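The whole structure should be built from the sequences, with the hints applied where relevant.
Here the protein sequences come in this chain order: A and B.
Residue numbering for the first sequence follows my numbering, starting at 1 and increasing by one per position.
Residue numbering for the second sequence follows my numbering, starting at 1001 and increasing by one per position.
Fair warning: there could be bad hints in the mix.
[Claimed, not checked] FRET-style restraints, in silico, Cβ to Cβ:
{"hint": "1", "chain 1": "A", "residue 1": "Arg267", "chain 2": "B", "residue 2": "Arg1211", "range": "44 to 52 Å"}
{"hint": "2", "chain 1": "B", "residue 1": "Ser1331", "chain 2": "A", "residue 2": "Arg267", "range": "38 to 46 Å"}
{"hint": "3", "chain 1": "A", "residue 1": "Glu312", "chain 2": "B", "residue 2": "Arg1348", "range": "32 to 40 Å"}
{"hint": "4", "chain 1": "B", "residue 1": "Gln1108", "chain 2": "A", "residue 2": "Thr259", "range": "36 to 44 Å"}
Since the hints were made in silico from the structure, they are not lab data.
What you are looking at is a predicted structure, and each value in this text was computed from that prediction instead of being measured.
Idealized CB from N, CA, C, for every residue including glycine.
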Amino acid sequence: MKSIDSIQDIQDTARGAVFLGAGGGGDPYVGELFLRSQLSAGHHPRIESLEDIADDAFVISVAGVGAPTVLVEHLVSAPTFVRLLEESEQVYGRRVDALVSAEIGGANCMFPLALGAMRGLPVLDADGIGRAVPHLDMTTFNIYGCLATPSVLVDDSGNTVIVRTTSNRTAEHVIRNVASALGATIYGSFYPMTGRQAKQFAVAGTLSLALEIGRIIRSAREQSADPVRGLLAGLRKLPDRRPCRLLFEGKIADVLHETRDGWHFGRAVLESTHSGGRSELIIQIQNEYLVARCDGRTVAIVPDLICVLDRESAEPLTAEMLRYGQRVAVVGYAAPSVLRRPESLAVVGPRLFGLKEDFAALEALIPGEE
Amino acid sequence: MTAVDGANKRIGIDVGGTNTDAVLMEGDSVLAAVKRPTTQDVASGVVDAVEQLIGQASGRSLGIRSVMIGTTQFINAFVQRKGLARIAAIRVTLPKADAIPPMTAWPQDLIEAVDPDIHLVGGGSFYTGVDYAPLDERAIAKASEAIRAKGIRAIAITANFAPVRPDLETRAEAVVRRILPDADITLSHQVGGIGLLDRENAALINASLSRLSREVIASLRQALEHVGLDAPIYISQNDGTLISEDFARRYPIFTCSAGPTNSIRGAAFLTGLEDGIVIDVGGTTTDIGALAGGFPRETATPHYIGGVRTNFRMPDVLSLALGGGTLVRLSEDRVTLGPESVGYELTRRGRAFGGEELTTTDCIVRLGKATLGRPELLESLPIATARRVYEAIQTAIERGIDEVKANSRPVPAVLVGGGNILVSRELQGVSTLEIPRYADAANAVGAAIARVSGRVDRIFDFHALGRDVALAQAKEDAINAAVAAGASRATVEVAEVVELPMTHMPTGAVQVKVRAVGDLAAPGVREP
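Structural data, given as structure tokens:
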């Protein structure tokens, strides 16, 4: 089992979480510093693999809900996290045995680790989606019938809101409005489940995957003249052998950002800098990178991961960071297989994001290379 | 675009790592320019340059009305951890933000150098401007007593959402002043926008420089008095505008990246270009920056100063390890440029000067594109090789230009700096390339022509206020800030408005950034 035991491990995990965020999920910087200060206080997170959790153990997800602009101002309060755990135990009527991240991609990768470190609770090496997604109900937990509620929501001022809803879609609406009423940053417990359910429904190994991807990028940068290819070679050596592809290398020729109804929409146009004809890659953005089309042909599509990296350093870039002129590489990374099943595509497939095409696997769109 | 009344004579000085440049200007004309070595104590180098510049006549008889100085001293001191004051941090955020105490991610050697005393107290605001907790004045008083007992006098105060509610910090300051009347206090809302950690870092860096800034400003003042100048001193800040001597003494952090900015502004002024690219080729590096409306375009990503993350507004300059002294290495099929450079030792170590090292300048001389040194020493260097090096230089600079440009259209460019001989053919992506007179002293010109600015970075509720009312309010506040910084009100205009809607929340909250810029008011006049 991997352990996250040093500042470098935390930074690697954060970098890997941005990669798995596929453009969204928010900057994990605040969570990274939260965990870092726990580490300097001698509180180390403990990571437990899914196989090791008892069937009758009680597991919850903890996550922050709110606006990234507000999180960077309010930061986080340790007593709030402790209270979240204590009040959750009251509401659920039993002790929490382990924590799990609802969404490994981006900021919410770090909060369970910090709370786990603080309270000596293990964090499962797993999450609810294996990437970042815009809604609370877009999780494998939901896909396989777990309810997101009862959910305990807390703020730093001592307010607690308990949410019980009949559907996870409703939960998403209610929770986002509670966040708005409480100053746009709250923390909550979601998806209470047994160890047995976690084993069945969670996406396994994603926390160590984030750490491993962060490490691969760092060492590729230190050792290779071409960190992007070093990263691809590293991904291919990982035990689950998920297909990955270098989709494009080029320069951002145009980027459009727009905010509608609180969500970030956009489009990035990339031009190839290679000789032998001009190529163009267009990435459509809705918080995350949804679909990449090379000269009009789809080369990767949600829920497979599309990751934009700085060409020189292989540093993963979130959608807000894209700017004209950046030299980037775009990598496609197959989603965990559970997300590609029909029941999952009904919840996180392309049509859910308003795209007028069906999912096609990365390795079918670009054959070979395995 | 004139900084001051056309009749005003003024001196612009840029104190760089290697050279101190000075120019004498009257209205829009450069009357004289000199370049002297920067000295260890800075002041004697400034005296040397100014004496050269104005000859034997005294400053008063020349009618010099103001002196504008760009200096890298503060940033250098911070990076080298030299002359830093012990600091105290008072953070007004409880019950929020305790899990990431001040300076969590600072380098250890820096923490040792500033030996901080840290206090977290109650108080703070939501993004809406409503208090989530009252300001805990008793805790602030208690913290101040502790700070006094430790003999610390440099203090940074940071409150939650201070950009929306600056009064939280000014009220906290009043409490501290009752106990420490002479403290050097930095308020975070004066040095940064939304993003507590980055803004707090800027305030703490500023506090750590407070002792040094008093010394440096006093020594510059003395140096100028020594050569008979008693004109007001203005210091260049990062965005290419000026701050008063007094303001710079209190906020040295604003001067930390003035160098590249001044060179871009000077290049713009010398050519009259408002939008385009500025290429500053030095001995070791080439800085390429974009000019938008006569000012450098600024970075969007976090900026690190001496290992500390800040949300500082910095010119978005791409620095290439390529200059006149850059070493050239040749293999079978490859030309490698740098990153090593002989720098100011070019005239000793370059081959065209009898030295051993092959530099970019040698290849330019070999091709007959510049007359320098002794070209006959380069006869063993094949012309074809020199040409390959020359092409590699142009390609590297073209790539840099392309990265800096805001879109793919060809743009006009200005070439400045001592190494500008490296560039001589038409560059791809550039419509016209101009090398102005005084290109060598563009940075000092940039200091001399600078204007004065004011800024706002706050969150407004567009649903409640309406967009028009909110933007009008933001613009008025920015204009007032420019006037408070020394601008003449009649000349102030809004230079930039950025709206960033808050995502992930169904609200009308929009972060608005406005910058207003005006001409320096006549000396001694402070407008209402």
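Hint check:
{"no.": "1", "hint": "Arg267/A <-> Arg1211/B: 44 to 52 Å", "result": "holds, 51 Å"}
{"no.": "2", "hint": "Ser1331/B <-> Arg267/A: 38 to 46 Å", "result": "holds, 43 Å"}
{"no.": "3", "hint": "Glu312/A <-> Arg1348/B: 32 to 40 Å", "result": "holds, 34 Å"}
{"no.": "4", "hint": "Gln1108/B <-> Thr259/A: 36 to 44 Å", "result": "holds, 40 Å"}
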